[in-house]
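Chemist: Listed below, chain by chain, are the residues.
Protein chains: 2
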Amino acid sequence: MQLFWGNKINDSVLIVQGEDVGHISKSLRKKIGDEVNLIDGSGKVFHCVITKITRNQVDAVVMSEELMEKNWKNSLSLAVSPTKNLDRIEWLVEKIVEIGIDCIYFIQCERSQKVNIRLDRINRIVQSAMKQSNNVYKPLIIQKSFTGLIQDFNANELNGFIAHCGDGDKQPLCREIIKLKDTLILIGPEGDFTPDEVTIALKSGFLPISLGSSRLRTETAGLYAVSVFRGLNLIQ
Amino acid sequence: MQLFWGNKINDSVLIVQGEDVGHISKSLRKKIGDEVNLIDGSGKVFHCVITKITRNQVDAVVMSEELMEKNWKNSLSLAVSPTKNLDRIEWLVEKIVEIGIDCIYFIQCERSQKVNIRLDRINRIVQSAMKQSNNVYKPLIIQKSFTGLIQDFNANELNGFIAHCGDGDKQPLCREIIKLKDTLILIGPEGDFTPDEVTIALKSGFLPISLGSSRLRTETAGLYAVSVFRGLNLIQ
Numbered sequence: 031m032q033l034f035w036g037n038k039i040n041d042s043v044l045i046v047q048g049e050d051v052g053h054i055s056k057s058l059r060k061k062i063g064d065e066v067n068l069i070d071g072s073g074k075v076f077h078c079v080i081t082k083i084t085r086n087q088v089d090a091v092v093m094s095e096e097l098m099e100k101n102w103k104n105s106l107s108l109a110v111s112p113t114k115n116l117d118r119i120e121w122l123v124e125k126i127v128e129i130g131i132d133c134i135y136f137i138q139c140e141r142s143q144k145v146n147i148r149l150d151r152i153n154r155i156v157q158s159a160m161k162q163s164n165n166v167y168k169p170l171i172i173q174k175s176f177t178g179l180i181q182d183f184n185a186n187e188l189n190g191f192i193a194h195c196g197d198g199d200k201q202p203l204c205r206e207i208i209k210l211k212d213t214l215i216l217i218g219p220e221g222d223f224t225p226d227e228v229t230i231a232l233k234s235g236f237l238p239i240s241l242g243s244s245r246l247r248t249e250t251a252g253l254y255a256v257s258v259f260r261g262l263n264l265i266q
Numbered sequence: 031m032q033l034f035w036g037n038k039i040n041d042s043v044l045i046v047q048g049e050d051v052g053h054i055s056k057s058l059r060k061k062i063g064d065e066v067n068l069i070d071g072s073g074k075v076f077h078c079v080i081t082k083i084t085r086n087q088v089d090a091v092v093m094s095e096e097l098m099e100k101n102w103k104n105s106l107s108l109a110v111s112p113t114k115n116l117d118r119i120e121w122l123v124e125k126i127v128e129i130g131i132d133c134i135y136f137i138q139c140e141r142s143q144k145v146n147i148r149l150d151r152i153n154r155i156v157q158s159a160m161k162q163s164n165n166v167y168k169p170l171i172i173q174k175s176f177t178g179l180i181q182d183f184n185a186n187e188l189n190g191f192i193a194h195c196g197d198g199d200k201q202p203l204c205r206e207i208i209k210l211k212d213t214l215i216l217i218g219p220e221g222d223f224t225p226d227e228v229t230i231a232l233k234s235g236f237l238p239i240s241l242g243s244s245r246l247r248t249e250t251a252g253l254y255a256v257s258v259f260r261g262l263n264l265i266q
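Quick mapping for you: the protein sequence lines, in order, are chains Y and L. Okay, so the first sequence: first residue is 31 according to our numbering, each after it adds one. Okay, so the second sequence: first residue is 31 according to our numbering, each after it adds one.
Just so you know, the hints here were simulated from the structure itself, not pulled from any lab data. Keep in mind the model is a prediction, meaning the values are calculated, not measured. Careful: at least some of the hints might be erroneous.
Where chains are identical, the list cannot tell them apart; a pair therefore holds if satisfied intra-copy or between any two copies.
[Said to hold, decoys possible] Here are the simulated SDA-like pairs of lysine to any residue, each with C-alpha atoms no more than 20 Å apart in a straight line:
1) 38 x 113
2) 103 x 204
3) 82 x 93
4) 38 x 115
5) 38 x 53
6) 103 x 63
7) 82 x 173
8) 114 x 124
9) 103 x 245
10) 100 x 202
11) 144 x 87
12) 103 x 178
13) 100 x 247
14) 174 x 59
15) 174 x 149
16) 161 x 247
Use the sequences and the hints to build the structure in full.
Modeler: Here it is as structure tokens:
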């Protein structure tokens with residue numbers, strides 16, 4: 031089923047703007063009266079009929095809607111300190127949206143590189159990856175400080191894990207996540223979390239994990255952690 | 031430990047060529063008599079002393095050598111049909127070398143896009159990712175036809191898995207690989223393996239697996255499979 035992005039104006043009308051206008055009207059040459067399937071990130075697919083096409087917008091009326099099952103069990107949030115090379119972070123976002131992610135935090139840590147995250151670009155990448163992979167649940171994208179994230183963390187609601195390269199006992203990711211609970215995983219900057227940051231996280235209920243003996247780049251670590259979590263939480 | 035690539039001339043001499051010459055002589059400003067750690071992909075680290083530096087080459091004599099433990103258990107080979115957009119395949123190679131891979135097959139399947147793999151570029155990416163992640167065991171890189179790979183497959187030596195999107199029973203990757211055996215995973219082209227290709231693989235002892243309900247791009251599927259396998263096979 032080919033999907034395009036729409037914004038709900040009211041219960042019966044969605045409008046399409048941006049690059050999907052061209053996909054619908056030029057690539058697929060759809061006309062007024064043709065059917066089109068739209069998503070808005072809520073998990074619903076709206077089976078629509080086109081009522082109007084202009085150069086910049088397609089209007090469609092909803093004939094029926096379908097709440098899709100998520101492609102995965104258990105909510106997963108990934109907090110990552112963005113790298114200066116934004117290609118790498120954008121690549122990570124694309125991949126973890128394909129695999130399945132519920133929330134992405136871009137966190138500022140003590141050793142984080144100074145980066146301007148282009149949230150509009152991130153949003154386009156998210157939407158494109160969702161269409162590619164037939165995932166219709168849009169993840170939240172949130173920028174936050176490390177300390178703010180830790181302060182808001184509730185260990186009763188979520189399993190929290192912090193992946194770091196410093197000293198101290200750590201469990202490999204897979205043994206810990208077998209608990210199959212909603213989870214938040216923290217991936218640090220290329221220079222790692224500071225010992226103080228690790229201490230604060232552990233005090234707030236995060237468990238320290240290892241992602242193996244290889245030294246992974248930030249985006250590789252994020253992708254690896256999401257893959258392992260999903261691999262152990264599949265719906266069949 | 032900072033590592034650079036060298037070629038063994040004989041038991042006591044390695045030479046460095048290519049970009050690592052500049053890293054050693056300019057970035058680190060090493061001189062004759064200075065120590066340098068070299069790898070050749072065999073798993074050994076050669077603790078050397080520099081004997082000669084020219085614009086294009088650094089010569090070094092071996093003082094001692096150390097066979098490093100692999101960062102992972104169980105050999106993993108990934109066979110993937112390369113995508114026309116070579117960036118994507120190069121990203122995949124970089125990431126799976128960081129995570130840990132023993133052999134990468136670029137396979138030609140019936141629905142494969144026509145691609146010229148630049149093995150010299152792939153080799154540079156592999157070497158760079160190995161240095162980045164402190165993995166000193168260089169994976170084999172092999173181009174092969176799908177049918178050739180299947181013909182050479184020995185189900186007594188390896189667990190083989192084929193990930194496809196067609197009909198038929200499939201197990202999720204994680205349950206099957208708990209057997210912790212040397213493994214070969216096949217990832218098909220964007221258009222998927224043909225039913226005939228799947229049949230041939232099953233007849234030769236490959237097991238059909240699912241990588242979840244999301245539709246993953248080729249390179250995402252490859253990364254996901256390697257991550258899940260490694261996540262369940264960690265050395266601590």
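Chemist: Each hint needs a verdict: does it hold in this structure or not?
Modeler: Comparing the hints with the structure gives:
no., hint, in the structure
1, 38 x 113, "neither (34 Å within a copy, 36 Å between copies)"
2, 103 x 204, "both (16 Å within a copy, 15 Å between copies)"
3, 82 x 93, "within (15 Å within a copy, 77 Å between copies)"
4, 38 x 115, "neither (35 Å within a copy, 35 Å between copies)"
5, 38 x 53, "within (19 Å within a copy, 55 Å between copies)"
6, 103 x 63, "neither (37 Å within a copy, 58 Å between copies)"
7, 82 x 173, "neither (37 Å within a copy, 51 Å between copies)"
8, 114 x 124, "both (17 Å within a copy, 18 Å between copies)"
9, 103 x 245, "between (29 Å within a copy, 16 Å between copies)"
10, 100 x 202, "between (27 Å within a copy, 16 Å between copies)"
11, 144 x 87, "neither (37 Å within a copy, 36 Å between copies)"
12, 103 x 178, "neither (27 Å within a copy, 38 Å between copies)"
13, 100 x 247, "between (29 Å within a copy, 18 Å between copies)"
14, 174 x 59, "neither (42 Å within a copy, 40 Å between copies)"
15, 174 x 149, "within (13 Å within a copy, 41 Å between copies)"
16, 161 x 247, "between (27 Å within a copy, 12 Å between copies)"
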